[in-house]
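Work out the full structure, taking the sequences as your base and the hints as a guide.
Protein chains in written order, with the working numbering: chain V, 439 to 513; chain C, 5 to 239.
Hints are computed from structural coordinates only; laboratory data are not their basis.
Backbone N, C-alpha and C define an ideal beta-carbon position, used for all residues, glycine too.
Take these hints with a grain of salt, some might be off.
Unchecked claim - Straight-line distance between alpha carbons at most 25 Å, and here's what the computed PhoX-like set of lysine-lysine pairs gives:
1) 472/V x 485/V
2) 481/V x 23/C
3) 477/V x 152/C
Said to hold, decoys possible - Pulled from the structure, derived: some chain C residues nowhere near chain V, Cβ distances all over 12 Å:
4) 123
5) 174
6) 181
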Amino acid sequence: MINEILLMDGYGLYVWSAFAFTLLSFTSLYLIIKIQYTKERKKFISKFGTLNSKKASFAKSQVAVKEILSNASNI
Amino acid sequence: MFKFFEPNKIFSITSRAPKYVLALFIIVLCIGLIESLIISPEDYKQGHSVRIMYVHVPAAWITLGIFSTITLLSVFGYIFKIKNFFLISKSFAPSGFIFNLIALVTGSIWGKPTWGTWWAWDARITSMLILAFFYLIYLLAWRIYEEKDQIYKITSIITILGIINVPITKYSVDWWNTLHQPASINILSKSSIHSSMLFPLFIMTAAFALFSVLILLMKYNTELIKIKNKGLDRL
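As structure tokens, this is what we get:
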């Protein structure tokens, strides 16, 4: 049964490599975008930390800024 | 109506949605993989190699769909001056490009046991390759140009030129004698594919669509934080 699924009458190499390439592409793209997101978010938090209280409270009045600061791991 | 598309307003949704979309994507993908690799029958002519269809066809459908969406958003964004449409277009492009690449590579892998060759310069395959170049140029344009009005104009032109290639890709198998087989699934008429193969095909299409939504949301959030970072610099 397992051999049949793996070998697929000689087509196994083609079928599995097509599926493997697809899943590898998905994983790579997901990781690249996630790394970019984490990097930008970290940059934002460190910049926000350097603001004085007046500027910080002004920035925090925006909905998006609140969301960025509140959702620590939203992906 | 367009005020709904303001980044600040929709960020509260887009920042929370990815984890749910990711969970749903994994579930649908697992069902799709079991259906397409184990449960679905082999083809009477192509044998088990037909299973490549379950990744090749959805990838091709979605890459064409994403490019059409990017074009529509860019054109509307340019006409009605909605900057957020450009941001959504930019966020759609990476998954569109990856699906294009998947369609080309899996098509090539499928070509070897079916046609006896990895590649042929036939109309369908060549037009898909041209579409990949348009995706690449579009993505590069966002990296090269800094000035906003310039980038909106350039990316709109790229998508308008690229969209000419989309109907050529779709109908190339009908217009010319190609090595690539004609479409097996038609919305307006009866499909020439059996329901036992249609079901896994639609499940995999749903999984791929969910993945493109996931990447769209993640990339959109990243782009929005980039904008907010620049905003903090100006404070």
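Hints, verified against the model:
| no. | hint | verdict |
| --- | --- | --- |
| 1 | 472/V x 485/V | holds, 20 Å |
| 2 | 481/V x 23/C | holds, 22 Å |
| 3 | 477/V x 152/C | holds, 23 Å |
| 4 | 123 | holds, 15 Å |
| 5 | 174 | holds, 22 Å |
| 6 | 181 | holds, 25 Å |
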